[in-house]
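A.B. asks: Top line first, the protein sequences correspond to chains A and B.
Every number in the numbering used here is 6 more than the matching position in the first sequence, counting from 1.
Every number in the numbering used here is 36 more than the matching position in the second sequence, counting from 1.
Treat the hints as calculated values from the structure; they're not laboratory data.
Since the model is a prediction, treat every value here as computed from it, not as a measurement.
Treat the hints with care, since some could be wrong.
[Claimed, not checked] Calculated cross-link-like contacts (lysine-lysine; reagent style DSBU-like; alpha-carbon spacing at most 35 Å):
{"hint": "1", "chain 1": "B", "residue 1": "Lys142", "chain 2": "A", "residue 2": "Lys228"}
{"hint": "2", "chain 1": "A", "residue 1": "Lys798", "chain 2": "B", "residue 2": "Lys125"}
{"hint": "3", "chain 1": "A", "residue 1": "Lys139", "chain 2": "A", "residue 2": "Lys69"}
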Amino acid sequence: MSNTSTMVTLTIDGIRTEVPEGTLVIEAARQVGIMVPHFCYHPKLEPDANCRMCLVEIEKIPKLQTSCSTRVAEGMVVRSSVPHVESARKSVLELLLGNHPLDCPVCDQGGRCDLQDFSHEYTPTVSRFKELKRVFPKQYLGPVIETQMNRCVSCMRCVRYCDEVMDAQALAAEGRGTITQITHWAGNELECDMCGGCIQICPVGAITSRLSMYDYRPWMLKRTETICSYCGDGCQITVQRKDDQLIEVNSALGAGRNNGDLCVRGYFGYHAAEHPDRVQQPLVRQADGSFAEVTWEEALDRVARQFTRIKATHGSDAIGGLITTRCTNEDLYLFQKFMRVVIGTNQIDSGARYGHINGVRALRRVQGTHRWTIRYEDLAQADAIMLVGTNVNESNPITALHVKQAVKRKGAQLVTLESLLPVRSTVSNITTLSKHHLEVKSGQFSAAILGLVKAVVESNLVQEDVAREAPEFVQTIRTNVAKVSWDAIREQSGLSQTDVETAARTYSQAERAVVLVGREVLRSLGGEGLVTNLMDLQILTGHLRRSGSGLGCLAEGSNDQGAVEMGAVAEYFPGPAGLHDEESQKTLTRTWGQAVPAGAPATLPEVLTRARTGDIKSLFIVGDNPVESLPGDAGVTEALDALEFLVCQDLFLTETAKRAHVVFPACSAMEKDGTFTNTEGHVQSVRQATEPLGESRPDWEMFSALSVLMDHPIEYNEVKEIFKEIRGVIPGYGLLGPASTPPKVDEKTVAQYVTSGFKEDVDQRYTLDASPAAPEGALTLRLVQSLYHSGKYSTRAKGLMEIEGEGRLHVNAREAGRLGIEEGQTVRLANDGGQATVSVKLNDRVPDAVAWFPEHFDEPVRALFSLKVDPHTHVPVWKTAHVTVTKWSSTNRSIEERSRV
Amino acid sequence: MDTQKQTTRLLDAVLFREIWKAMKVTFKHMFHRPMTFQYPREKRTIPDAHRGALGLLRYDNGQERCVGCDLCEAACPSRCIKVISEEDKSLPLQRYATEFYIDITKCVFCGYCVEACPVNALAMTKMYEYSTHDKRTLLFDKERLYEIGEQHLEDAKKYLYAHNQEHDDEESRAYRYHFPQPIEKTEASDS
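Hey, can you work out the whole structure from these sequences and the hints?
C.D. replies: Structure follows, in structure tokens:
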């Protein structure tokens with residue numbers, strides 16, 4: 007709409023205004039400050055004009071018109087407050103109130119209800135209705151949403167939101183006339199994305215949250231705008247609290263990068279921060295192995311003394327550090343500064359090692375940026391979008407919304423390479439929107455991407471100017487892909503030549519094409535190579551330098567991108583700049599007043615190996631939980647037990663923290679100030695919404711306090727001073743406003759890459775490595791991200807636990823039939839590593855011969871997996887295993903118990 | 037002039053006229069009905085509209101009137117009311133106050149809370165004797181407030197009548213809002 011530059015002049019209530027052609031009258035009125043009352047209209051939704059509240063008089067049209075569905079025209083004269091318009095609205099209200107129970111005093115919406123506001127404005131104090139009011143029983147839509155249909159004004163906003171925005175279609179209107187009610191598909195519990203959108207968009211109190219029902223009145227709430235800490239999308243949320251009790255989280259229309267949309271984690275996951283298990287006092291391990299609560303002074307002093315001692319006796323490199331990417335940029339920056347300046351080691355790593363680093367390294371190598379060259383707005387404008395191993399709806403739900411919008415509103419062609427079946431259900435599935443869905447066999451993205459490049463090269467889709475400028479590059483790839491046959495690709499990835507070629511053609515021929523790469527590529531062996539291959543694909547089709555086109559790697563942690571940019575990874579200084587980058591060394595030496603350490607860096611697997619061998623005597627683990635985020639055979643517990651001194655700084659006493667000598671209580675993201683950098687590289691402020699629980703403090707304060715005690719004071723008065731220092735180190739780093747300009751591809755790097763850079767590993771990248779064949783009759787078990795959870799943190803959120811409270815084995819109905827199992831039954835999974843007993847849930851989007859298990863509840867099945875480390879980037883890969891599945895009944899169990907006796 | 041004035045002053049002094057003047061009032065009051073009364077042995081009659089201690093009321097069937105809507109808390113100018121409410125699990129949608137506190141030391145007896153109450157659960161009574169040695173007992177909790185309401189039920193009702201909030205007993209039963217339950221079909225009448 008806003009693209010059209012033609013402006014139309016119209017008069018609304020005597021005010022002349024100019025708006026773009028195609029604007030709705032109600033929007034034009036809003037722009038000049040006239041609020042036309044409405045229920046069914048919402049800027050995110052297509053006009054429906056069912057509530058008739060927004061009637062206005064338009065000159066030369068004999069009858070009143072609904073302003074939410076009428077588009078402006080040149081010379082239009084609109085009157086919105088003449089007596090007969092007002093009397094029409096009064097009648098509409100009288101009709102609505104005819105069936106509305108007057109229970110405003112107990113309604114959670116009372117005080118911010120459109121119907122209440124308009125009733126006050128138009129005061130229809132008398133009703134001519136003598137008929138009975140309709141009576142609907144209260145209804146629970148699943149564990150967190152409830153409806154009270156007596157209050158419904160049938161505006162259908164929820165149904166339309168669920169369909170148009172979420173693409174879930176979980177809600178529907180049932181019945182006719184006054185007895186219309188909103189319901190989900192009968193017979194089952196509501197199973198949907200649980201995004202809470204219906205609650206947010208309901209203009210009255212007909213759909214409300216069960217988590218905070220009757221706990222508050224809207225005027226009691228204090229609001230804080232901050233950033234959600236569950237995934238890399240970086241949604242702006244409004245945290246609302248009554249005194250110090252968290253009441254609800256929502257997001258205002260137009261707020262942040264999410265435009266007011268939230269996912270289930272953002273909307274219902276806010277209780278995690280105030281879980282009773284939070285560590286609230288510094289803990290120090292006693293001689294008998296138990297923890298004692300001590301004062302901050304004692305705990306800090308102990309850590310400072312031990313660090314000083316270890317540094318003096320064993321050298322700086324006897325201490326290593328790990329940090330989670332749920333920390334703010336300021337925490338991450340100060341952590342690496344503390345480790346580099348005070349301790350003097352480069353042995354630090356962060357959660358970005360679990361996969362995000364693969365993407366950043368490839369981007370830096372090929373296009374010379376560490377961020378996306380696209381932003382969400384480009385997704386909306388794209389002609390083609392390709393998703394590669396993202397499962398975007400689960401991992402980054404708000405990015406998924408942008409993709410859905412692009413497909414549904416703008417008609418972008420979606421190409422999906424996912425290990426998902428395109429099955430429609432009331433939980434949205436991005437592959438159902440796909441024009442070309444290539445169902446890649448689990449974990450075989452290498453073959454699929456190779457197929458895409460092969461299709462582009464062999465179907466003559468290579469841009470002419472690329473072939474002219476970099477003939478050697480094109481030729482090398484051509485000879486390399488020629489060595490791989492289509493049969494081999496089909497064998498491994500399960501994709502046929504024609505399918506891959508059609509998809510490649512769709513992508514290549516699109517003017518603006520965006521590629522999104524997700525965890526199944528980033529968290530795989532050779533992930534950096536796979537992203538590089540996708541970059542090659544972009545170079546070949548000419549999309550790399552085209553504006554509006556580009557490749558994005560989806561970050562999973564809320565600050566994965568920030569962790570890399572703050573230099574909290576082994577291979578980079580803040581910037582990120584290479585450890586041998588002289589310019590950066592000079593800047594850092596100047597800023598820190600001390601030379602940067604020259605010691606060798608250590609990645610997460612290296613840190614753990616060195617701890618096991620005794621080279622590292624002490625670890626400082628901030629929020630990371632390697633014991634529970636790596637499989638049993640990774641030897642994390644052995645490594646931690648071999649340490650002389652382990653310090654953990656966490657919200658909860660995790661399995662890792664239980665092994666620590668000192669535990670510092672840290673603040674959650676809701677309790678501190680700072681910034682997060684989201685997946686598209688947008689730096690956004692995190693603001694303190696609640697008081698720190700107990701004695702917990704923001705992470706940076708602890709680093710600062712330790713540095714003072716260790717005679718290397720790094721002091722700041724407030725978190726903004728750290729950010730100022732970051733801006734000194736990384737010029738221009740900062741809050742970029744609502745519409746940032748993404749970085750441009752670095753021409754020099756690209757030129758260097760296509761002339762010589764690609765050569766070093768092109769042969770390895772374009773070969774199919776023989777994947778280990780699954781044993782006969784075995785199922786591929788994959789630990790996957792669930793839509794309702796994020797890491798282990800969300801399993802402390804009571805709302806999310808009510809939606810999904812335990813890990814269940816997801817298999818499709820065909821596979822279940824083959825195995826002879828049914829929903830809810832218990833099965834035994836076994837392989838060489840161990841065995842586990844879990845219950846089954848049928849999920850039709852799981853591919854054949856594959857079973858999914860949510861990684862958030864991986865505790866019982868972790869023994870089945872074994873760790874592989876990417877030889878190049880050291881990314882730990884372990885989320886796939888082959889298992890045999892057998893039915894497990896209570897008789898089995900009793901037999902086993904008897905045999906044990 | 038001066039001589040006359042001086043004579044009057046002399047006479048006043050000799051005859052103790054000022055004392056007689058004062059005694060006149062005294063003697064007059066000897067035959068007057070006393071204005072004071074012997075509190076606490078005697079108590080005065082208090083008008084119905086008197087704003088005394090607050091009490092919470094029940095319906096005649098014993099059900100708590102209060103639905104925990106927090107409107108009294110919102111109306112209170114001295115912020116002495118605190119309501120914590122939740123859903124009555126046995127009656128879906130029925131909201132009720134799990135806790136209700138009035139810090140009577142802060143209360144300014146304005147009666148706004150009574151006016152704000154949509155179900156007339158709050159009323160002011162004629163109770164004013166609650167001095168205590170322990171200040172903590174002046175934070176009236178829900179139990180105490182219902183106790184006051186029960187003890188001073190008649191006064192509370194009269195307060196509501198006097199302030200035109202309720203007209204008779206009938207009205208307290210069939211109240212202006214039928215909530216939280218919607219109107220039942222069987223109960224409805226044409227009137």
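A.B. asks: Each hint should be assessed against the structure and marked as holding or not.
C.D. replies: Here is how each hint holds up against the structure:
no., hint, verdict
1, Lys142(B) - Lys228(A), "holds, 24 Å"
2, Lys798(A) - Lys125(B), "holds, 32 Å"
3, Lys139(A) - Lys69(A), "holds, 31 Å"
No hint from the list above goes unmet by this structure.
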